[in-house]
Amino acid sequence: MPSVRLHPPVASRRDAQNHISNPLPQLLQTPSGLAILELQGTINLPPLVGDDANWTNSDSNRDGDSTFETPIGKLMFPDYSPLNPDDTKWMKRVYLYIGKYQRMTGEVKKLAKPLAAIQRRQGRREFGLARDQSVQVMEESDDRDQGLKGESSESDIDELDIVEIIKFKIIFSSRPEPVGIE
Amino acid sequence: MSTQTAQSIDFTHTYPQQGFRLLELSPELLELLSSNNPPALYLKSPSSDAHEATSEVGTREYVNLCTPTKTFRLRQVHTSNSVHIIRPSDGSKSADDGTYEVERDELNLMETMTVIAKCGSTLEFDAPEEGTPTSPFLEKGLILYDSLSTDADVETSMLSANLSFSQKRRVKDEIFGDVPASMFQCESAWTELCAFVHENSSSHLLAGFRPSASVKLDVWKRTLEGSVIRAIDLAKQFLVKDLWNSILDDGEDEPFPWDLFQVVVRRLAEPPGQDELRSEIEEPKWANIDKTTCIRWVGETYLEAKAPAMTSAIEQSQFMKEWMDLLPESWRDDASVTHLTEGSYRYQNQAMIYFISNSERQKERKNASNSSSNTSRNWHERFKAQRKQ
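Going down the list, the protein sequences come from chains A and B.
Note that the UniProt record's numbering has the first sequence beginning at 1, numbered continuously upward.
Note that the UniProt record's numbering has the second sequence beginning at 1, numbered continuously upward.
So that you can see chain A by itself, here it is in the shape it has in the complex (with noise of 0.2 angstroms):
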């Protein structure tokens, strides 16, 4: 089996993926806005054929494709105050609500090894500074020889993206806990 070229995160490209404002606690921010979450059990989703009011976002318009997200519910850090980042208390508790009865209490916890999150490289359109490196591949093998450069161009199939390092999760491992109407 050949080899996969795994890249390294690269900084100028997470910080394109920066327009969202991440409304995670500073800790849990990464440049690409990548966090880990983590529970006991599954989320069950509404089967996906059928009623359009389940979604309540559909862009069809990406190429054909659509994108759309299904709402679970809620995620709450309840101690947590912006103005008291210092603060490491509020990584005892966090709330993800399921729908509106279904409660799990969580934490945050310091991953004892960071994670790397990889992702198969992706088309030109997701990440500006992905077509810069495949040119320069193509550079290299220019001098080679001509035969290789279809492969080359070809082999982007085959290369990975290191698109975050991440040091924290967010860790569920209760069951969830029926809780009343808000």
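For the record, the hints were derived by calculation from the structure and aren't laboratory data.
Hints are supplied without guarantee of correctness; some may be wrong.
Label pairs and their in silico Cβ distance ranges [claimed, not checked]: (1) A:89 <-> B:68: 40 to 50 angstroms; (2) B:239 <-> A:113: 42 to 52 angstroms; (3) B:68 <-> A:87: 34 to 44 angstroms; (4) A:79 <-> B:35: 32 to 42 angstroms; (5) A:109 <-> B:165: 28 to 38 angstroms; (6) B:35 <-> A:89: 29 to 39 angstroms; (7) A:113 <-> B:343: 52 to 62 angstroms; (8) A:45 <-> B:205: 47 to 57 angstroms.
Built from N, CA and C at the ideal position, the CB exists for glycine as well.
Once you've looked at the hints, dock chain B against the given chain A.
Below, chain B without anything else, positioned relative to chain A:
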């Protein structure tokens, strides 16, 4: 409960989900990736037929993570929990549209985190791969070169000196692609085997070759003779081209490819600085032969060529004499069995000696470590056997 102080974040699930893998980072790797100019890493697995080559019984498919200099075995660890990757979303659009002109006002709008991926497993590190040697994998990608051009079946074309650096590089990269080890380890193994790029006489394509012990010995003999004729002191710096020309002195065709000569010189040369990747000094103009390396290599190569197995064991006195004759005059007296790599030779009776190849040594070491592996502190390893039953 009060939501006045606590910020409430909408939590959604995005369809379609994206593919993500999580890789647990060791402190060393974290440091490497956080450095100013982090290198690209490689995920490498052996080619499917390489298992036989390494004689590793029972190894399944695996993936190694390679930094420029090191190799780590990865293992996939499944989690019973659901691990989700979430990221901010504006909650009203497709998440990665990337064209938001509106400055968002954090106070007025409900903010959203959305699940974009679920990871069922994490890639974790096993101990660094130091035990598995690189050379067996590399050998697999190389063609045995076992006779010099004077013999009929391997025809050396005169092209050898004209191969460009990038041509050779390409062949090497292709071969290294199937070797589950870091670039540095590949390069080291390449030099260790005295491998070289050359035109394959049957297909006329460039390929990687590894010389047999007797070819290496011949190359060395000619080199030594050349150095004597031209009075080149191998222990001091010499021009590699000068030494090469001394071999060509008698006006014949190249007795063997220039690249083979060069790699043998590199194999025996004073090692370069630790930090330098060998590839960067691939074609040194100057070199000087390292005495200790040379004495050991010549001895082992001779033994491998003449007494590769117990049945072909040779007398030690004869071996010592031949060995000395193959060394530069001033080093003769330093030939001693104690200079050979530990385990690389064995005696039959008292006076007969023969060679133990690297792969055999490896096998024996493995057997030895297997018997002690019950005391392994790695729980995964300890339970693996039970799980299979």
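How the hints compare with the structure:
Our hint of 40 to 50 angstroms for residue 89 (chain A) and residue 68 (chain B) holds, since their Cβ atoms are close to 43 angstroms apart. As the Cβ distance of residue 239 (chain B) to residue 113 (chain A) is approximately 51 angstroms, the hint placing it in 42 to 52 angstroms holds. Between residue 68 (chain B) and residue 87 (chain A) the CB atoms are about 42 angstroms apart, so this pair conforms to the stated range of 34 to 44 angstroms. Evaluation of the 32 to 42 angstroms hint for residue 79 (chain A) and residue 35 (chain B) yields a pass: the beta carbon distance comes to about 36 angstroms.
For the hinted restraint 28 to 38 angstroms between residue 109 (chain A) and residue 165 (chain B), the CB-CB distance of approximately 51 angstroms leaves it violated. For residue 35 (chain B) and residue 89 (chain A), the hinted distance range of 29 to 39 angstroms is satisfied, since their beta carbons lie about 34 angstroms from each other. The hinted range of 52 to 62 angstroms is not satisfied by residue 113 (chain A) and residue 343 (chain B), whose Cβ atoms lie roughly 37 angstroms apart. In this structure, residue 45 (chain A) and residue 205 (chain B) meet the distance hint of 47 to 57 angstroms, their C-beta atoms being roughly 54 angstroms apart.
Consistency with the previously given hints fails for numbers 5, 7, ordered from lowest to highest.
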